[in-house]
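Trainee: Here are the chains, one letter per residue:
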Amino acid sequence: MATDLELGLFVFMLATFIGLEVIRKVSPLLHTPLMSLTNAISAISVVGAILITGSAGATLLSKVLGFVAITAVVTNIVSGFLITDRMVKMFKKREVKK
Amino acid sequence: MAHVMQYLYIISAGLFILSLRWMNHPASSRHGVWAGEIGMLLAIVGTFIGFPGMDGVGIAFVHNWTWIIAAFVIGIVVGVPIAYIMPMTAVPQRTALSHACGALAAALVGTAEFYQRQPHADTELRGFIMVALVIETLLGYLTFTGSLMAMGKLQEVLPQRPITYRNQNLVNFILFAIALGLAVRMAFVPTDTILFPIFAGLSLVFGVLLIIPIGGADMPTVIAILNSYAGLSACAMGFALNSRLLVVAGALDGSSGLILSIIMCKAMNRSFTNVLFGAFGQVQVSTGKAEQRAYRSASAEEAASVLEAASSVIIVPGYGLAVAQAQHKIRELYDSLTKRGVDVKFGIHPVAGRMPGHMNVLMAEADIPYDKLVEMDEINGEFPQCDVALVIGANDVTNPKARTDKSCPIFGMPILDVDKAHTVMVIKRSMNPGFAGIDNDLYYLDKTLMLFGDAKAFVSELVKELPARAAA
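First to last, the sequence lines map onto chains A and B. The letter at position 52 of the first sequence is residue 56 when you use the numbering used here, and the numbering goes up by one with no holes. The letter at position 21 of the second sequence is residue 14 when you use the numbering used here, and the numbering goes up by one with no holes.
In case anyone wonders, no lab produced these hints; they're calculated from the structure. Yeah, the Cβ is synthetic: ideal placement off N, Cα and C, and Gly gets one too. Misleading hints may appear alongside valid ones.
Cβ-Cβ distance ranges computed for the label pairs, FRET-style [said to hold, decoys possible]:
| hint | chain 1 | residue 1 | chain 2 | residue 2 | range |
| --- | --- | --- | --- | --- | --- |
| 1 | A | Glu25 | B | Trp58 | 21 to 29 Å |
| 2 | B | Asp398 | A | Arg28 | 30 to 38 Å |
| 3 | B | Phe181 | A | Leu11 | 35 to 43 Å |
| 4 | A | Val68 | B | Lys399 | 51 to 59 Å |
Derived pair list, reagent style DSSO-like, types lysine-lysine, alpha-carbon separation capped at 27 Å [as the list claims (entries may be wrong)]:
| hint | chain 1 | residue 1 | chain 2 | residue 2 |
| --- | --- | --- | --- | --- |
| 5 | A | Lys97 | B | Lys338 |
| 6 | B | Lys457 | B | Lys365 |
| 7 | B | Lys449 | A | Lys93 |
| 8 | B | Lys332 | B | Lys259 |
From the derived model, a few chain B residues whose C-beta atoms are all more than 12 Å from chain A [stated by the list, open to error]:
| hint | residue |
| --- | --- |
| 9 | Pro19 |
| 10 | Ala170 |
| 11 | Ile191 |
| 12 | Phe270 |
| 13 | Arg286 |
| 14 | Asn425 |
Please take these sequences and the hints and turn them into a complete structure.
Mentor: And the structure:
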């Protein structure tokens, strides 16, 4: 059986290659929204922050740090996805008739 | 329920990949955003229903609900206004801020893990878990302060010029070496809790020192690198917590930042190390003072008549346009010219502005159709057939010296071949050299007309002149 580290590295290797291939195809028009989107996605660290804050053995330090961490990443999730949506909505091919 | 959580995580990881995949074209990009949102929602729901408790699994074993709910509420209350109020010209600052937030979260979670696991240090802080925790906190803290510095520079709270001092790279290197040494020591002896605050402090200071010598024009690369670091720290958290979802999402973000920074470096013909340690823009300040050279300037009226006579115009936007918030006025100019049958396109240099794709977003905000926004490599072939190239707030990316003058600091940088157009018009506030302090030969060509003024004010004068002439 592979250890956790080996499995993790395996997943990391595959995800990095998928990431590089997929991102290379992203239109340069959308580089700014891409960055805010990946930023929102990397706010997946909310999972870690919930785990540490909500665990039964959480010390006061864990609760305080976890609280700040959740606040920070939820801000990123919300503002990241919304602002990306706001940006990509603006890209139109033809002019809108008024 | 733990299995349900794992399956939700797998779906979520798949959605994240799809989300980035759909960003390859503006037509599908909104689906990309939705896929990302659903993926995130599933991940959060999954975490709650599969929560590993002391003696069981599930939502009933989540403690400290008040803390968690309060944090979510504050996050939402802060996040929504940021997303809707933030003007598009301020997007680079917001991006830097969100890198800082993401990195801070990773660092704090790592810190909390480190202390909370101390009682079981011999089993839970061993081997690669401790290595992952150290990488997570190191990258997290340095990206946090580094991004705050970048944000300060973008917001112009901090000077945009590089801040340098003697032996800067040596000091940085020593500091980093000490932090690394502490990290190695902690990886072997995780019970040395006294070292942790010193390590965290050094990482914070290193983040500041890393960014202060970098100038404003290099921000596109720096933001991309910080993006990559923030992703990698989330990825390291995945290793520390043994969560594959975090590893996948972090790796996607890390590779995205990496690719963008490579694109930015190529677009400036510079290497990573040169961007990070080169203190660009400092060295050239004194050499910028050349002899007075002759140039031609023109009024809005004259410029309007040149534009009117043209059949094709390429507009080259730059950071100055963002500063002047001129994007909507440019849209009016675009409308006015298009109505006269003039073919108007936009030539976008990859590093124009302060972050990757900055100019495209501003032009899209002003409702300019995206098929008129043309990349450098494609538009460069069109300049020789183009009647008028109108440069608005861009400088170094149009400097022909980059092709010919080996002594020039930007030699080798790919530029927009603006000088090949029949007539060149440059809207600029004064003859002062641009950010890098390099004199632009373009301004002294016989075919170049300098239009002095604020970008927004001048473009609106142009727009006013155009219909007036049509009526006459």
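Trainee: If a hint holds in the structure, say so; if it doesn't, say that too.
Mentor: Evaluated hints:
1. Range check, Glu25 (chain A) to Trp58 (chain B): Cβ separation about 41 Å, and the 21 to 29 Å hint is violated.
2. A C-beta distance of roughly 33 Å is found between Asp398 (chain B) and Arg28 (chain A), which places it inside the suggested range of 30 to 38 Å.
3. Separated by about 24 Å at the C-beta atoms, Phe181 (chain B) and Leu11 (chain A) break the suggested range of 35 to 43 Å.
4. In this structure the hint that Val68 (chain A) and Lys399 (chain B) lie 51 to 59 Å apart at CB holds, the actual value being about 57 Å.
5. Between Lys97 (chain A) and Lys338 (chain B) the CA atoms are separated by roughly 13 Å; this keeps the pair inside 27 Å, and the hint holds.
6. At roughly 23 Å between alpha-carbon atoms, Lys457 (chain B) and Lys365 (chain B) fall within 27 Å of each other, so this suggested pair holds.
7. Restraint check: the Cα-Cα separation between Lys449 (chain B) and Lys93 (chain A) comes to about 25 Å, which is no more than 27 Å; the hinted pair holds.
8. Distance check on the hinted pair: Lys332 (chain B) and Lys259 (chain B) sit about 37 Å apart at the alpha-carbon level, beyond 27 Å; violated.
9. Against chain A, the non-interface label of Pro19 (chain B) is violated: not every CB pair exceeds 12 Å, the least being about 4 Å.
10. Its beta-carbon lying about 26 Å from the closest one in chain A, Ala170 (chain B) satisfies the requirement of being farther than 12 Å from that chain.
11. Every CB of chain A lies more than 12 Å from the CB of Ile191 (chain B), the least distance being 17 Å, so the non-interface label holds.
12. At roughly 23 Å, the least C-beta separation between Phe270 (chain B) and chain A is larger than 12 Å, which holds for a residue marked as non-interface.
13. No beta-carbon of chain A is positioned within 12 Å of the beta-carbon of Arg286 (chain B); the least distance is around 35 Å.
14. Listed as a non-interface residue, Asn425 (chain B) keeps its Cβ farther than 12 Å from every Cβ of chain A; the least gap is roughly 28 Å.
Of the numbered hints given earlier, the model fails hints 1, 3, 8, 9; all others are met.
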